[in-house]
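Protein chains in written order, with our numbering: chain A, 11 to 300; chain B, 9 to 287.
Everything labelled a hint here was simulated from the structure, so no lab data went into it. It should be emphasised that the depicted structure is a prediction, and the values quoted were computed from it without experimental measurement. We put the CB at the ideal spot given by N, CA and C, even for glycine. Some clues are possibly wrong.
Just some of the chain B residues that point at chain A, by a computed CB distance under 7 Å [said to hold, decoys possible]: (1) V134; (2) L143; (3) F144; (4) F192; (5) A194; (6) P238; (7) I241; (8) Y252; (9) M255; (10) T282.
Chain B stretches covered by chain A per the calculated footprint, using a threshold of three residues with CB under 8 Å from any CB of chain A [to be verified]: (11) 167 to 178; (12) 218 to 228.
What follows is a list of derived Cβ distance ranges for each label pair [stated by the list, open to error]: (13) A:A289 x B:R275: 18 to 28 Å; (14) A:A62 x B:G146: 25 to 35 Å; (15) B:M88 x A:G246: 25 to 35 Å; (16) B:D62 x A:L69: 54 to 64 Å; (17) A:V17 x B:M201: 18 to 28 Å; (18) B:L23 x A:F147: 19 to 29 Å; (19) B:L95 x A:L21: 14 to 24 Å; (20) A:V283 x B:L95: 31 to 41 Å; (21) A:G152 x B:L205: 52 to 62 Å; (22) A:A289 x B:L72: 45 to 55 Å; (23) A:S57 x B:L34: 33 to 43 Å; (24) A:V27 x B:L95: 12 to 22 Å.
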Amino acid sequence: MPSANGVAKYLSLTPAVLFLVALTVLPIANLLVLSFHDVTWSGGRASWQWEAAQNYLQLGSDRLFIAGITNTLILVVVATTLQVAIGLGLALLCSILGRSSTIYRTLFLLPILIPGIIIGAIWKLMYNFDFGIINQFVSLVGLPRVDWLGAPSLALWSVIAVDVWHWTPFSFLLLLAAIESLPTDVTEAAKIDGASPWQELWTITLPLLWPAIFVTFAFRAVIAFKVFDEVYLLTGGGPGTATEVISFTIYQRFFVQDDAGYGAAMSIALIFVISLIIAVNLTRRQRLET
Amino acid sequence: MAQSSPSGAVGTPRLLLHALLFVAALIVLLPFVWIAAAAFKTQITLLMGNVLFDPVINNFREVLFGRTSTYTRSFFNSVMIASASTLLVMVIAFLAGYSLFRMRWPRWVVNVFLVWAIGFNLVPPVALAGAWYELFRGIGLTNRTIALSHTTLHLPMALWLLSSFFRDVPRELEEAATMDGAGFLALLWGIVMPVMLPGLVSTAILVFIFSWNEFPVALALTNSQTSTVPVAIAKFAQENEIKYTQMAAASVLSAIPALLALILGQRFIVKGLTAGAVK
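Bound conformation, chain B alone (with noise of 0.2 Å):
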């Protein structure tokens, strides 16, 4: 529709369209403009509310290397889980991906699985927080329950995804594999995944987004040693005297995942996004 409806706009001055998406675009953009711009100003200078102002770089400094500061062993911390738990759903929702929907299950079999992946969304996930803490409390909360809780939260959203994606594999790709005597790790590892690839990556950027943005569990289950990017800008909230340019600049810093991946990978996040809620 996009390209054949030029005509669509006759009538409707486009410009007039344009004008209205531009104020949205700005709408959008300026409060990350006016974020970005109070973390190069002093605690003064944003006080006064100038809009010409001499940018400084030190509440990055701050952040980065002050003494008290604790942010970056809570970026390594977010490093370290979102890494572990999209590699770990990634290759679990994969598997059964593949056996589910290409091999041959009972069809309640896997209703079962997608109804999980659809039913499981209904869940506050500090309902499920609250859960975890009782179990994990026993073996003691780090970074490696909490890469876990994060696999069990988005494992479901990365199936529903994939099923999606397995649907645009040829059955004839594997078929003709089998028939040349691949074994079934060769057939995953050398036919489905390259085939997949563009499917794959997709889910794996947004499960790691989700679990690097993931809040209310990781604010349940981590202390100040484990605890993520997320749950160290709003430990900055809370303070008596809150450093708001501080607050800035780590919240500057906490977006650098999302922007390469907007930048490196929009067209993925778009499949993505649209795939689990269009197909």
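For reference, chain A alone in the conformation it holds in the complex (with noise of 0.2 Å):
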């Protein structure tokens, strides 16, 4: 090997590994560190005060944090589990219908695409109490109109009917192309057997599937936990704390009361959080297999 290589090999890694230490590890190393400290402002400079545990101590009795957590996994097991359904079957219909199909799989790709603050903009003229069109559809029908977002108790699942909308599509993408890349002869040999087509569904197609419908589960659970976007402009957080997810806790503690010390304490404990639930499902996951 010429040596010519062997520096252009370091050197074509030196960007990557420079953006991975300088905007990654140490701004979290850094935001480890400011958790443990109360940053207080005087005159335009920061100073910072040790104050050990103190910041993660106060987590727990933090209203706001609990509801942001709870909130999150209710909006996170709820919607995901939805958009996995619906996603499959979706896909299933797909995969049936072959090419005759093309044009809503283009279609289906549009939620993906689009900002997530629009799908927040979109949703808040359609739920709107006066003139939204889900409310005209309602007293069209003759019912009462719903405060879709401003009612404690209906808000959360506001929120979740739009995540489910808005991300549906992408379990659908994921688990159609796990669909079309699932091995032909099996289904062939089912079919001569005679096996009917939910037989062929449930014991053949479905099993076969399992592992993509984990993956999509996960992504999709990952992605879920960082919403953020559409409760902004939907809602802001309220009624009270009936929408407050933990992006938004985080947001508003860090940037809107200025408590940089706090928030910090409150992403890197959401960081463990995450970590935690991923490694336990993943060892569960190992423990299954074998």
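Hey, can you piece these two chains together into the complex? The hints should help.
As structure tokens, this is what we get:
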């Protein structure tokens, strides 16, 4: 191996290493240090006061933080499950119909590509109490208008409905790709043996799809955990704490209330919680497989 | 399976399946149609809830040329930021990918980068926004700092996608080129890049769209001068009296890159979105 190539090998990796170290590792390390401090501003200069684990202890009694975690978990579980279920149904339909379903595949890409903030704007208009199309429809049927985003018992479910609408196409896309990469010889054999389409689905296609379904679920859950854009525009976390999600709580503590130390502690705690959930799921899955 | 199993639909009338998909397509499409219609309404026709109306372009005129409107500046900012960060991400990820996946590194080095590429997705962007805010506060928040942030956000994803596309490049091709005495850059530019072009295009489209759509970091790191398109739209919702029809018009304008990408590069998008998860 010529030495010029050895130099190229290191040089071409350098920019990526710089970004990894300078803009990912160091900022997170900084965040970690920050989370043990109380930051106060005086005369344009920040002063850091060592607080040990004070910020972390505070988390347990922070109503906003607890509401944020709870609502986020509800949203992740409910929305992700619905997205995978509906997405799987649609993907199976498309795979049965084959080429004649191409137009739908294209159409379903649309919500994935549109900015989340626009999705929020669209649904803010559609949910509007006075002129939103949903209430127009409701009163057309003869029912009283509903305050979809203003009623505390309803707001989170309205947000979840938007998330399902927004991200079901993504589950659909991943699952359709998985279905189309399944080996065809097994299903062919089953057909020759006289299996009905239902038997084929339950005993062959679905079992073969399990890994893909798990991956889709994990992918979606990770993204759902970070939900921010739609909530910001639709409800701003309200009414009260009804739709407070954790990314939004961090944003409020860090930037709106300018409590950097406490916001940092929240971020670190969240990163820890997510890693824990993933780790538990992975080890459980490994145990199931062996 | 798709074409080879027409018998899967025997017994189940295909028409019913088509009807189901059609309803799903309507549910996906109608909200977009509704907001596009709202963009051409006056505030009064919107409030009246009329289905039929005389379309006006006043909303677009206000958003684009209104004296108090900052939308065009935000649009320009977004174009700059998304283009610059996409270019940076692609160059850095392509170089790093070639080095990692095609030149002999110890296994653990490659793994560090792959773990970064996946694990990074677990970190909420808001948490990083806080960290970057502390970092950039000293040097000032400009378009450049947001472009750098977006580059950092999407670099792991690009590296992950490219790792699967690099596998499609036959090694014989590189070996033959090296035998002929091609230098490192000539090899990358003349041999590897053309072969990987579809994968590179897929990745670049996605990185651009994601940067264009990105909201929480832009919200935290921009001011009124440097705000991006999503931040500008969010501002509509925060005014005391929300100008719904203008918000709709701004939304329609902001969807242009996504629509262009969908029309021109649909196959690339599907390739990119599925490559990361399926392979």
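Evaluated hints:
For V134 (chain B), the shortest C-beta to C-beta distance to chain A is roughly 5 Å, which falls under 7 Å, so the interface hint holds. Against a cut-off of 7 Å between C-beta atoms, the interface hint on L143 (chain B) holds, since the closest Cβ of chain A lies about 6 Å away. Look at F144 (chain B): its Cβ only gets to about 10 Å from chain A, farther than 7 Å, so that hint breaks. For F192 (chain B), the interface hint holds, the least distance from its beta-carbon to any beta-carbon of chain A being 4 Å, beneath 7 Å.
A hinted interface residue such as A194 (chain B) counts as satisfied when its beta carbon comes closer than 7 Å to some beta carbon of chain A; here the least separation is about 11 Å, so the hint is violated. With its C-beta approaching chain A no nearer than about 4 Å, P238 (chain B) sits inside the 7 Å limit, and its interface hint holds. Contact between I241 (chain B) and chain A, as hinted, is supported at the beta carbon level, the nearest pair being about 5 Å apart and thus within 7 Å. The beta carbon of Y252 (chain B) is positioned within 7 Å of a beta carbon in chain A (closest approach about 6 Å), and the interface hint is therefore held.
Interface restraint check for M255 (chain B): the shortest CB-CB distance to chain A comes to about 5 Å, inside 7 Å, so the restraint holds. For the restraint placing T282 (chain B) at the interface with chain A, the shortest Cβ-Cβ distance is roughly 4 Å, inside the 7 Å limit, so the hint holds. Coverage of a stretch by a chain is defined here by at least three residues with a beta carbon nearer than 8 Å to that chain's beta carbons; for the region 167 to 178 of chain B and chain A the count is 1, and the condition is violated. Check result for the region 218 to 228 of chain B against chain A: holds, 6 residues qualifying (beta carbon to beta carbon below 8 Å, three or more required).
The hinted range of 18 to 28 Å is not satisfied by A289 (chain A) and R275 (chain B), whose Cβ atoms lie roughly 37 Å apart. At about 27 Å, the CB distance of A62 (chain A) to G146 (chain B) agrees with the hint of 25 to 35 Å. A hinted range of 25 to 35 Å for the beta carbons of M88 (chain B) and G246 (chain A) is consistent with their spacing of about 29 Å. For D62 (chain B) and L69 (chain A), the Cβ-Cβ distance of about 55 Å falls inside the hinted range of 54 to 64 Å, so the restraint holds.
The hinted window of 18 to 28 Å between V17 (chain A) and M201 (chain B) holds, with their beta carbons roughly 20 Å apart. Checking the proposed 19 to 29 Å range against L23 (chain B) and F147 (chain A) shows it holds: the Cβ atoms sit about 27 Å from each other. Between L95 (chain B) and L21 (chain A) the beta carbon distance is about 19 Å. The supplied range of 14 to 24 Å therefore holds. Under the hint 31 to 41 Å, the C-beta atoms of V283 (chain A) and L95 (chain B), about 35 Å apart, fit the expected range.
Separation of G152 (chain A) from L205 (chain B) is about 58 Å and conforms to the stated range, judged on CB atoms against 52 to 62 Å. Taking the beta carbon of each, A289 (chain A) and L72 (chain B) are about 50 Å apart, inside 45 to 55 Å as hinted. For S57 (chain A) and L34 (chain B), the hinted distance range of 33 to 43 Å is not satisfied, since their beta carbons lie about 58 Å from each other. Here the CB-CB span from V27 (chain A) to L95 (chain B) is close to 19 Å, well matched to the stated 12 to 22 Å.
In summary, the numbered hints that this structure violates are 3, 5, 11, 13 and 23.
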